[in-house]
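Chains A and B supply the protein sequences, listed in that same order. So for the first sequence, full-length UniProt numbering puts the first residue at 1; every next one is plus one. So for the second sequence, full-length UniProt numbering puts the first residue at 1; every next one is plus one.
Among the clues, some could well be false.
Identical copies carry no separate label here, and so any pair may be met within one copy or between two of them.
Claimed, not checked - Calculated lysine to any residue pairs in the SDA-like style (CA-CA distance at most 25 Å, straight line):
#, residue 1, residue 2
1, K110, S453
2, K205, A164
3, K446, E466
4, K205, R193
5, K189, A250
6, K205, R261
7, K205, D406
8, K189, F263
9, K429, S453
10, K76, L378
11, K446, Y300
12, K418, S213
13, K429, A195
14, K446, S405
15, K205, F265
16, K205, R98
17, K110, P361
18, K434, G226
19, K205, N262
No lab work stands behind these hints, which were simulated from the structure alone. Values in this document were obtained by computation on a predicted structure and should not be read as measured data.
Listed below, chain by chain, are the residues.
Protein chains: 2
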Amino acid sequence: MAVTRRSFMKGLGVTGGAGLMYGAMSTIGLAPATASAPAFRAPARSDLIGRVDGHHSVVVLGGGPAGLCAAYELGKAGYDVTVLEARRRPGGRVWSVRAGTEETDLNGEKQVCTFADGHYFNLGATRIPQSHVTMDYCRELGVELQAFGNQNANTFVHYSSDTALSDRSITYRAAKADTYGYMSELLQKAASRGALDDVLTQADKDALSEFLSDFGDLSGDGRYVGSTRRGYTSEPGAGLDFGTHEPPFAMTDVIRGGIGRNFSFDFGYDQAMMMFTPVGGMDRIYYAFEDRIGTDRIEYGSEVTALQNTTEGVRVEYTRDGAPRVVDADFAICTIPPHLVTRLNHNLPADVVHALGAAEPSSSGKLGIEYTRRWWELEDRIYGGASNTDKDISQIMFPYDHYNSDRGVVVGYYSSGKRHLGFESLTHKQRLAKAIAEGAEIHGDKYTRDIASSFSGSWRRTRYSESAWASWQGAGGSHGGEATPEYTLLLDPVQNVYFAGDHLSNAIAWQHGAFTSARAVVTSLHERVAAS
Amino acid sequence: MAVTRRSFMKGLGVTGGAGLMYGAMSTIGLAPATASAPAFRAPARSDLIGRVDGHHSVVVLGGGPAGLCAAYELGKAGYDVTVLEARRRPGGRVWSVRAGTEETDLNGEKQVCTFADGHYFNLGATRIPQSHVTMDYCRELGVELQAFGNQNANTFVHYSSDTALSDRSITYRAAKADTYGYMSELLQKAASRGALDDVLTQADKDALSEFLSDFGDLSGDGRYVGSTRRGYTSEPGAGLDFGTHEPPFAMTDVIRGGIGRNFSFDFGYDQAMMMFTPVGGMDRIYYAFEDRIGTDRIEYGSEVTALQNTTEGVRVEYTRDGAPRVVDADFAICTIPPHLVTRLNHNLPADVVHALGAAEPSSSGKLGIEYTRRWWELEDRIYGGASNTDKDISQIMFPYDHYNSDRGVVVGYYSSGKRHLGFESLTHKQRLAKAIAEGAEIHGDKYTRDIASSFSGSWRRTRYSESAWASWQGAGGSHGGEATPEYTLLLDPVQNVYFAGDHLSNAIAWQHGAFTSARAVVTSLHERVAAS
């Protein structure tokens, strides 16, 4: 009975509503792409007309990215869709915190956000790579995009080490110039000594030398002696004002100080610039979904208590504003975090329950600090991007909006795993104090001043999520690419219940993962209906 | 008599209108900055009251960045300023081309731009580094900023070589992953062989190995065998869709193919991300200056014909809308391109004439192509940034605005020097044909389709500029930092005539250079008046 979502839509005779084509990247000059997945085709009414009974109902548990995407796509084919969402807003772990945002966390503490109008921070998902299907939904839904600063030469690295660079704030600009400079000098030296003659021809060596000279900004004799790429302590100006700059750090300090440990962050296929984010908050995507789906189909304040397969379909029990309710439908798409599904009154088989439990919750969270003076621009010449540190705060993210205005929201920490555990159980005031203390060590005393308000969230202590993202047992903490037995089991429906969410994708913690999972489930469900 | 503009404003007793403070970059944890230049202080009325006669007149030749900045800053102290600008618009070589832009070039060809409303490209200056004073003027003038894509992992490199990678379009993403991978493997190999033991301790080697493993995405045994950083031919999705990707290129091809030749571009202190540009066109800055200065003080359509020092001050002759006019003033600030000043009827001394002639004009230009389909987003997943090539077009720049909309303006070439000379004498139609032919080799046949309109400009063939930027004889084509005798001579006023412009700065071809030059002249002139 189980219909695998990996099957294609062949034979469906789709004639209308082709929907999104998720094209592979162009590979001109490269070997032809061998796409592993067929392009997604949105369900269409024409797929069903004259083939099957017209009316099919689907109850979607959860109004986050997976749930709203599924409801939206099924709606294109006329399915009778109901979305049950416990929160009073769409988006789930996509959560843009702004004036009026209220939340009582599982520590029992209530926060109310008082940021000035137009200011916000994304407590959950905050950036979109160019290749993700999220970009296509922004296009389809008319959500305006702006560039997201995922790299900034003027932000700082700040790490502890047993070198002279320990606990010093160094611009990425200087850290990169010195690292690349010494790296190039060393490789150039080794190659010219013949140490790599077994793997490099003379032609290779000549070309490598030319490259390294430019890459490392080496002197004529192949040495790194500093570079204007490090930046200036005083910018060059007019006339004879040539600016001033510092000499490079010592090679051993650069290497042993580990100041290049975070360079690879933005080499990642899902973190490399250019990166994007919706104007006004990531949640704009979900309000756009809500608009297309229709608010009459989304029941906010609905907390699911039971999920049962029945002989006819599914039965879902929930409370809406405290009152018990029941909905019967042909199918359910469950996007509730897997470790919370097992708390429902359900009749899922034991292996499925075991599989759901293998998706372990992870710890992560952010704290937003509203400053009434954009000191990072005025004093540090930082417009967006993040400083990186081995302190618990992990990073300080600067706003990518309201440039040059009179205030802004800085993300005082975005930390995960062990480094976030220390924040989870703190009160908001304690979190703020710790964030400011660590931040001031990096950006100075100005970090402690001109603070108007703040707001924090810790996903394991946030009701209805209780996890930042799923970490599959046996997958080594990867964000996808590991088909553990439990993960694989949940890809198939359990009678009339389908599971969807980024945790069932190879882009865990990304909206792309939630969308592709939702699309896979929608395709599978629609194929099943069309063939019935 | 000559007052050097390098002198400080000490003793001026400035008490009001402190104006912009151009702060040095924060250097927490670094040695204290030794600023080479004092912070700029805008002239203020209070500097003059009770000290000197209140009325001083300045005629500014040229309404580009230097001229408008000078007029604006002098206006703060109540100087009677007149700006003479030959064009019908402010900005000079800052030129945003949009619907209605008309230009007849020195080849005699007239172009009229027909881009759709809201679309444009900057034919001149197009980007601003965070450290440049241009950012401060945007703040002071209320010019809205947006991020400029100066780096994009999804754009292409495309070069000729004698390798298998010749004339192939390769994403920066793949080029960087392979280059960094092999570079790391080679250095790791050399270090582990002991080839660098004279310069690396064991602790250095251990730390280097850890860094290289991450930097190059090496395998456990120190080899580069490919990386997801290269990107996917099919993006990973849900379930068991792990995506598909290509193996790395061969090491010798990566090295000898020179695919990393442009990586250092965005390591530069003035090109490293984040970079910015005003919303709606770089000329927004100059319309903002115009608004502050007052249109009554800017005479457009005024072509200067004579510049003379007189015993009382200066006399400037010009034609306005064809009619001859004369203006007398206490001082002149001449921002006319140096090689054009010598064409005026002037009484400048011979050494100054010689010095002006040492600023040689350079060749550069751009061509904008309006497409009615954003194929670069839809097919190549490119949102901003530029492809780079060794063809004459040099680069293809993608728009950083109107993301995901139905049309956009691509800069089909931005080339300089020898590679631009071939475009200069062509008709616009010929330029377009050449740009499309070369662009199609990089981005495919789609480059030739869906073209609505286009516009091009070549600065040596553009009236009133006749140069993209100045190249000082003996300075080796650098953009500053070379105090040639001629350059140095022009830093001092010639009696009552001051020269200003980016050519008299260490940021040639940057607005920052024009602004700092204007500020230096304003400071010098104001100090002279206050002391008189």
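Each hint, compared with the structure:
Proximity of K110 and S453 under a CA criterion of 25 Å is satisfied intra-copy only: 14 Å inside one chain copy versus 57 Å between copies. In this assembly of identical chains, the alpha carbons of K205 and A164 lie at most 25 Å apart only when taken from different copies (18 Å versus 34 Å within one copy). Proximity of K446 to E466 under the C-alpha cut-off of 25 Å is found in neither arrangement, the shortest distances being 34 Å within a copy and 47 Å between copies. In this assembly of identical chains, K205 and R193 lie within 25 Å of each other by CA distance both inside one copy and across copies; the values are 11 Å within and 18 Å between.
Taking CA atoms no more than 25 Å apart as the test, K189 paired with A250 passes in both settings, with 17 Å inside one copy and 23 Å between copies. When the C-alpha separation of K205 and R261 is checked against a cutoff of 25 Å, the pair qualifies only between copies, where the shortest distance is 15 Å, while the shortest distance within a copy is 28 Å. With identical chains, the CA atoms of K205 and D406 are never at most 25 Å apart, being 53 Å at best within one copy and 47 Å at best between copies. Both within a single protomer and between protomers do K189 and F263 lie at most 25 Å apart by alpha-carbon distance, with minima of 23 Å and 21 Å respectively.
When the C-alpha separation of K429 and S453 is checked against a cutoff of 25 Å, the pair qualifies only within one copy, where the shortest distance is 11 Å, while the shortest distance between copies is 58 Å. In the homo-oligomer, the alpha carbons of K76 and L378 lie at most 25 Å apart only across protomers (22 Å), although the nearest pairing inside one protomer, at 49 Å, exceeds that limit. Taking identical chains as interchangeable, the C-alpha atoms of K446 and Y300 are never at most 25 Å apart, the minima being 42 Å within one chain and 46 Å between chains. Within a single copy, K418 and S213 get their C-alpha atoms only as close as 41 Å, which misses the 25 Å cut-off; across copies the closest is 23 Å, which meets it.
In this homomeric assembly, K429 and A195 never come within 25 Å of each other (Cα to Cα): the closest approach is 57 Å inside a single copy and 54 Å across copies. In this assembly of identical chains, the alpha carbons of K446 and S405 lie at most 25 Å apart only when taken from the same copy (17 Å versus 41 Å across copies). Within a single copy, K205 and F265 get their C-alpha atoms only as close as 29 Å, which misses the 25 Å cut-off; across copies the closest is 22 Å, which meets it. Taking the shortest Cα distances, K205 and R98 never come within 25 Å of each other, neither inside one copy (56 Å) nor across copies (48 Å).
Proximity of K110 to P361 under the C-alpha cut-off of 25 Å is restricted to the intra-copy arrangement: shortest distance 23 Å within a copy versus 66 Å between copies. Within a single copy, K434 and G226 get their C-alpha atoms no closer than 36 Å, and across copies no closer than 41 Å, so neither meets the 25 Å cut-off. In the homo-oligomer, the alpha carbons of K205 and N262 lie at most 25 Å apart only across protomers (19 Å), although the nearest pairing inside one protomer, at 29 Å, exceeds that limit.
The structure does not agree with the numbered hints 3, 7, 11, 13, 16 and 18 stated previously, though it agrees with the rest.
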